[in-house]
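Per our numbering, the very first residue in the sequence shown carries number 1; after that it's consecutive.
If you are wondering where the hints come from, they were derived from the structure by calculation, not from laboratory data.
Where hints are given, some of them may not hold.
Claimed, not checked - Here are the simulated lysine-lysine pairs, BS3-like style, with alpha carbons at most 25 Å apart:
#	residue 1	residue 2
1	Lys499	Lys544
2	Lys118	Lys84
3	Lys229	Lys40
4	Lys196	Lys238
From a predicted model like this one, the values you see are computed outputs, not experimental measurements.
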Amino acid sequence: MKILYIFLIFLKVFVYAEVIDPSLVKTDSLLPKSYIYIGKKKLNHDELQSVFKPYLKEYLNVGVSHKYIWIRLDFHNSSKKDIKKILVFSSPLLEDISLFSQKLTLLKKNGVMFQSDKHSTIAYIFELDFKPDSKSVYYIRVFSKYTPIDFALYLKDKESFFKKDRDRQFVDILLLGCILAMMLYSLLLSVYLKDKSFFYYGLYLFALIYQQMTYLGITQIYFSSELVKSEAVYTIPKILFLILTSALFAMHFLEYKKLKKIEIFYKSIILVLFLEFLFLDPVREYSLNIVILTGAVFILLNLLCGIYAYKKGIKQARLFIVGFGIVFLSYIMIIIDALGLASVMVYFQNILIWATAIEALVLSLAFADRYLILENEKKEIDKKMLEELKYRRKLVLEEVEMKTSQLNGALKEKELLLQEVHHRVKNNLQIILSMLRLQSDLTPSSDLKDGFLILENRINAIAKTYSVLLSKDSFDTIDMQEYIDELIDDLVEVMGKDKICFKKQIQMRLPIKKAVYIGLILNELITNSFKYAFKDDVGEIEIKLYTSDGENILEITDSGLGFDMDKKENSLGLKLVKMIVENQLKGSITMETSKHTKTVIRFKS
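Construct the entire structure; sequences and hints are all you get.
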């Protein structure tokens, strides 16, 4: 083998002579016509000449390595015209690409860490200009700290290269868009069906899109150079996140709680991922290799877990095996490539996106298959339960009839007790009213009589609610139309104001507690109108009680003279009204008193 290798180098030197004619270059890689040096030292011009060796392969793959890759290219334009070409690096992950002249003068830099915001191609490129019948030598230095080095080198025509690059961008973005649509679909299903496996699959697709956009060179084109640099630094966390989301999806889809061994595996891999995230230094060249090996172990065991789950009766695992099996092959190719064992990805860079698109289609069928399986299982369970339900139905009906009879009796007893309570409250209030009236009759002072009358009216407003309540079957709410009618009739009779007209628009029922508060408010405001608003006791009072925009509104308007609010601010009646509205009804009150008096009270039901 060693003799064969020496012979090939000898043949290369004398056949190709390491000279590249840009007028004759086809689509083959330039690397077999170049000199290569790989090492960790930074060498000067003279030192480089002594270490360069001919290179025979179409591609160069050193995996994750902090080594400098030096390439020497010798050109001779034998034509009689000026030729412009594009020097193309097949990998969009190369971090530092430097182009030097024959005297090792830096001409240009490119790569992830040095690209400009105008970068518009998947591959990194240098534009070269070859003068007629001229010779030129270029040195290229490639270095990557965070990502694998794996690329081929081509000399392309500018127009055809940009066309093919745009076509490739279109295909890659189209595939990413399909996967993005599947991701959104999975996330929506997770919300609708409350199924975690859909959520984690959507999260996995997000992680895959995020990682593949960089791997395919899309991030480098459409995002800022600063973001692209940070993406390179966080290569390890991105890969760990991709493995984590894939593990979370698989463990939930394969119903890990039913299978102890699968649960142990997935929880162990998640623990390993967290430890690697915490302790691996992204700068160390071995760190990415460890993560890649973790990924290799995971995808192999993940597929085996699918097979194991299917054998244990998890039927939905069958399409999981098919879908993940497709992606499994592409992952293996990427891992072999990243470890520097082979360079298959030079020719199939978007294979994972194609495989994932197919996997997404298969798993969409798997989700449907999963629910068909669940539906069949449900039918079996329903069939077994039907007889049990028929038996229990009779027992339940008998129990319900017995309990219903007991509840009806208890409810009737409760209603009687409640009616008795309301009746006693009403009677007690009537006794208090009778005592007040008796005391009023015995009092010679007119001021005291007025005070007793006001107090009687307030108590009567409360008592009237119980009177109305007892006249109906319902003990929960009161018809406010009937209640307010009786309240007004009592006030008119007691105060002798039969010349005052009332207009009422009342369409509401209220609980007894709120009805009492409304009665007290009306008692105070109508009494004030009776006493102060009208000349010759002739006028009109309008009362409205209605609901608007979720609020209950009480409006009391009289056609009287109005009053000065500042002079009435110490009125006990108005203070009582304000206190009831704000403290008890949790509402608000506004009053207009300039010409007539209008009070508007708003409160919640």
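Each hint, compared with the structure:
1. Distance hint between Lys499 and Lys544 is fulfilled; the C-alpha atoms sit about 20 Å from each other, no more than 25 Å.
2. A distance of roughly 20 Å separates the Cα atoms of Lys118 and Lys84; the hinted pair therefore holds under the 25 Å criterion.
3. With a C-alpha separation of about 22 Å, the suggested pairing of Lys229 with Lys40 holds against the 25 Å cut-off.
4. In summary, the hint linking Lys196 to Lys238 is supported, as the alpha carbons are separated by about 22 Å, within the 25 Å threshold.
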